[in-house]
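Start from the sequences, fold in the hints, and give me the full structure.
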Amino acid sequence: MNASSYLKEVACAKINLNFKVLKKLPSNYHSIDSFVAFLPQLHDTLLIKKNSKNKIIIKGTQSEELMRLGGDTLITKSINKISAYYKIKINLEVVLNKNIPLGAGLGGGSANAAAIIRAILKIYNLKKKKDFIVLLNEIGSDVPVCFFSKNSQVTGVGDIIKPLDYLKKKLWVLLIKPNVLSETKNIFNHFKGPYSKKSNFIFNFDNIIYDINTYQNSLEKTACRLEKKIKELLDSLPSRNNITKPRITGSGSTVFLLFEKQEDLVQYKNATRLIIKNYWNLSTYIFL
5 MNASSYLKEV ACAKINLNFK VLKKLPSNYH SIDSFVAFLP QLHDTLLIKK
55 NSKNKIIIKG TQSEELMRLG GDTLITKSIN KISAYYKIKI NLEVVLNKNI
105 PLGAGLGGGS ANAAAIIRAI LKIYNLKKKK DFIVLLNEIG SDVPVCFFSK
155 NSQVTGVGDI IKPLDYLKKK LWVLLIKPNV LSETKNIFNH FKGPYSKKSN
205 FIFNFDNIIY DINTYQNSLE KTACRLEKKI KELLDSLPSR NNITKPRITG
255 SGSTVFLLFE KQEDLVQYKN ATRLIIKNYW NLSTYIFL
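If you read the sequence shown in the numbering used here, its first letter stands for residue 5, the second for the next number, and so on.
All clues stand as given, with none of them false.
Straight-line alpha carbon distances no greater than 35 Å define the calculated DSBU-like cross-link-like pairs of lysine-lysine that follow: (1) K133 <-> K57; (2) K172 <-> K249; (3) K232 <-> K196; (4) K265 <-> K233; (5) K202 <-> K232; (6) K166 <-> K196.
Label pairs and their calculated CB-CB ranges: (7) K173 <-> S56: 40 to 50 Å; (8) Q266 <-> L130: 35 to 45 Å; (9) S56 <-> K91: 12 to 22 Å; (10) S67 <-> I92: 28 to 38 Å; (11) N274 <-> T80: 40 to 50 Å; (12) Q271 <-> K54: 48 to 58 Å.
Bear in mind the hints are in silico, worked out from the structure with no lab data behind them.
For glycine and all other residues, C-beta sits at the position ideal for the given N, C-alpha and C.
Spelled out as structure tokens, the structure:
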């Protein structure tokens, strides 16, 4: 494969620093409020070029798991949606290097959908229309924020994206994923409240850390009730140099903790190695 003939798009994973479900809407969707950050070191990679027909090739550390669960759906769905939206025929060969764990609350599928859409706009020289965000949201509620892949406050049903002020802060992140797959639709179907109030504070370091430590992710209790391994992990993690309590991202199943210094994360990981040794885990960072 000659990589130089492909357009490369990077699809970064996200974490929900907080996640608040505000109310259930008549449409049966939920109004949410979340501060989202992106993980530059955890990403899928897509290589894309025009082809005689649509062809998706899946590689990477998570490729077997993706194939076991039925293979690609969102990339194909995105191609079809964009094709219908612009009323053009789109045929692409896509090589997906899949590294973001599935069912993890890290937005891997949405990041892939967003990446293929960014690539299509470039390859076919297409301009975004006024209702473009609506189209992205129809593909998936995380697709709009993943399309921009910039730290943002996300409200509405995932369709209102407000970029966050850059705080010039690098934080270290420990991600731990129990051996379960959380399905967002299933978690929301079982969520019965309580509902939360929208975040009403100026986004800065002290305020977001306080918010993470004070308020659970609205879906955490539901995720723990449905998947006991998430609860067991949360209950087993100690407090040791971490500046935030362990929280789930999105609808789970990944648990994350934040640290101000890399050495604090290393010490924490060493202290908890017997707890997390059988789980997928990653030491990484975010920029706020």
